[in-house]
Amino acid sequence: MDKYISTPLTNEVIESLQVGDYVYITGLIYAARDAAHKRIFEAILEGKEIPLDLNNNIIYYLGPTPAREGQVIGSSGPTTSSRMDKYTPLLLDHGLKGMIGKGKRNQEVIEAIKKNKAIYFAATGGAGALLSKKIKKSKVIAYEDLGPEAIRELYVENFPVVVVIDSYGNNLYQIINQSS
Amino acid sequence: MRSMRIIHTEDIIKNIKEMCIEANVTLASDVEEKIIKASSEERVSLGKQILEQLCENLEIARNEFIPICQDTGMVVVFLKVGQNIYIQGGSLEEAVNEGIRQGYQQGYLRKSIVSDPIIRENSNDNTPGIIHYEIVSGDCLEITVAPKGFGSENMSQIYMLKPSDGVEGIKKAVIDTVKNAGPNACPPIVVGVGIGGNFEKCAYLAKKALTRNLNKRSHLEHIKRLELELLEEINQLGIGPGGLGGRTTALGVNIESFPTHIAGLPVAINICCHVNRHVTRSL
Ligand code: SF4
Numbered sequence: 001m002d003k004y005i006s007t008p009l010t011n012e013v014i015e016s017l018q019v020g021d022y023v024y025i026t027g028l029i030y031a032a033r034d035a036a037h038k039r040i041f042e043a044i045l046e047g048k049e050i051p052l053d054l055n056n057n058i059i060y061y062l063g064p065t066p067a068r069e070g071q072v073i074g075s076s077g078p079t080t081s082s083r084m085d086k087y088t089p090l091l092l093d094h095g096l097k098g099m100i101g102k103g104k105r106n107q108e109v110i111e112a113i114k115k116n117k118a119i120y121f122a123a124t125g126g127a128g129a130l131l132s133k134k135i136k137k138s139k140v141i142a143y144e145d146l147g148p149e150a151i152r153e154l155y156v157e158n159f160p161v162v163v164v165i166d167s168y169g170n171n172l173y174q175i176i177n178q179s180s
Numbered sequence: 001m002r003s004m005r006i007i008h009t010e011d012i013i014k015n016i017k018e019m020c021i022e023a024n025v026t027l028a029s030d031v032e033e034k035i036i037k038a039s040s041e042e043r044v045s046l047g048k049q050i051l052e053q054l055c056e057n058l059e060i061a062r063n064e065f066i067p068i069c070q071d072t073g074m075v076v077v078f079l080k081v082g083q084n085i086y087i088q089g090g091s092l093e094e095a096v097n098e099g100i101r102q103g104y105q106q107g108y109l110r111k112s113i114v115s116d117p118i119i120r121e122n123s124n125d126n127t128p129g130i131i132h133y134e135i136v137s138g139d140c141l142e143i144t145v146a147p148k149g150f151g152s153e154n155m156s157q158i159y160m161l162k163p164s165d166g167v168e169g170i171k172k173a174v175i176d177t178v179k180n181a182g183p184n185a186c187p188p189i190v191v192g193v194g195i196g197g198n199f200e201k202c203a204y205l206a207k208k209a210l211t212r213n214l215n216k217r218s219h220l221e222h223i224k225r226l227e228l229e230l231l232e233e234i235n236q237l238g239i240g241p242g243g244l245g246g247r248t249t250a251l252g253v254n255i256e257s258f259p260t261h262i263a264g265l266p267v268a269i270n271i272c273c274h275v276n277r278h279v280t281r282s283l
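Chains A and B are the protein sequences, given in the same order. The numbering used here applies: residue 1 is where the first sequence begins, and numbers increase by one. The numbering used here applies: residue 1 is where the second sequence begins, and numbers increase by one.
These are computed hints drawn from the structure, not numbers from a lab. Among the clues, some could well be false.
As the list claims (entries may be wrong) - Only pairs whose alpha carbons sit at most 30 Å apart, straight line, appear in this in silico DSS-like list of lysine-lysine:
#	chain 1	residue 1	chain 2	residue 2
1	B	K172	B	K224
2	A	K133	B	K224
3	A	K114	A	K86
4	A	K48	A	K117
5	B	K162	B	K208
6	B	K111	A	K137
7	A	K134	B	K37
8	B	K208	A	K3
9	A	K134	B	K111
10	A	K133	B	K111
Extracted from the complex, chain A is given alone in its bound form:
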């Protein structure tokens, strides 16, 4: 089913979404991938400030190509989520509500999603040119030294994703795997 939602997320919205829903997201989201996750994770463990507000927000696993003159951002598709699995449960325990990536998550992440009433979306891998058009604003807000891995704040409009793990712990990839 096609659904339209906006950020920040609320429990009500999250509970209304189910695996297989085709969802269009509008609002502010954050882009962060491997190296930024490592730093956020370590900062939380050390009790330090982190440079973004996780509460009710969405992280997009993205490292874009450089923008050309006049472009908001370069090619902007998702990267493989499983590399973030190690860091994800802690981030969910600290308020993160949604993630956009591609590919499987491990059992600990699925449990943490259920426990924290969160949600995992997949964007289409290899559709970076198309997805860049849905990003209307982009600015680096932290870890600029990480280049394509810096943390960005993005404003997206009708960004297309599919619910892969919903807040009830249902996992679309597993459902497909069993039915085939």
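Chain B with the ligand: place on chain A using the hints.
Positioned in the frame of chain A, the structure of chain B with the ligand alone reads:
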């Protein structure tokens, strides 16, 4: 003595630069046609929506020079060096890397290479590339540039099978690898398989297989049959576009083979996403 043909490194640099940019914004027509065809034939609705996104994505990429995918890859370069050419102006390897450097800078492509696999500092210019040299007869330099993303590279496998495992063993190895890759390799995928040789040769063949036109089957009858059977079986797995279900799991299976040892049956499976990039030019 026949005279040598001179090819200048400046020419090589310029061509590699252009090929890096071209490969990242347009796909070869055989790959693109397979995606378009799949999008009109796929019946599972989520899968179909994903394929429609991919078609639109290719349009935008080509028209606006935006890379098809943000992972613009590690560059693999296949060089067929005619033995009657003389390279003037410096080292061939340095010329290839300079071409990559300029291409990734001027093409606004992502720099995804770390200079050391453990220290992991970005080299900031996407070099070095991985270069495979082949010395051939003649006086041409044939260059194939194939940037490869790591979402799919990470799902690739090598199996050192026993001769007794036979064709069934090969099929199982390929199917297991594709199943395990699942949604992570950005399906629909292209499957490159290398059979025979030894440990490194089969991996090389698998990579090379990915650069073959998807409409061209192996000239060996038994290998051709294996390609067709595997494609059919993979597309019955139900993984589908984006791993969200459907019939389009693979766009093609290309197999290259080589003689091997009496005691072995090496099989390498190099998984590539639908962004199966490769451009060839002859200088
Ligand atoms: S696997 Fe291919 S399509 Fe997917 S992110 Fe990597 S390069 Fe892009």
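Tested hints:
1. K172/B - K224/B: Distance of about 17 Å is within 30 Å: holds.
2. K133/A - K224/B: 41 Å, violated
3. K114/A - K86/A: Given pair K114/A, K86/A holds - Cα atoms ~17 Å apart, limit 30 Å.
4. K48/A - K117/A: 25 Å, holds
5. K162/B - K208/B: 23 Å, holds
6. K111/B - K137/A: Holds. K111/B to K137/A sits at ~22 Å (cutoff 30 Å).
7. K134/A - K37/B: 26 Å, holds
8. K208/B - K3/A: 43 Å, violated
9. K134/A - K111/B: Distance of about 23 Å is within 30 Å: holds.
10. K133/A - K111/B: 21 Å, holds
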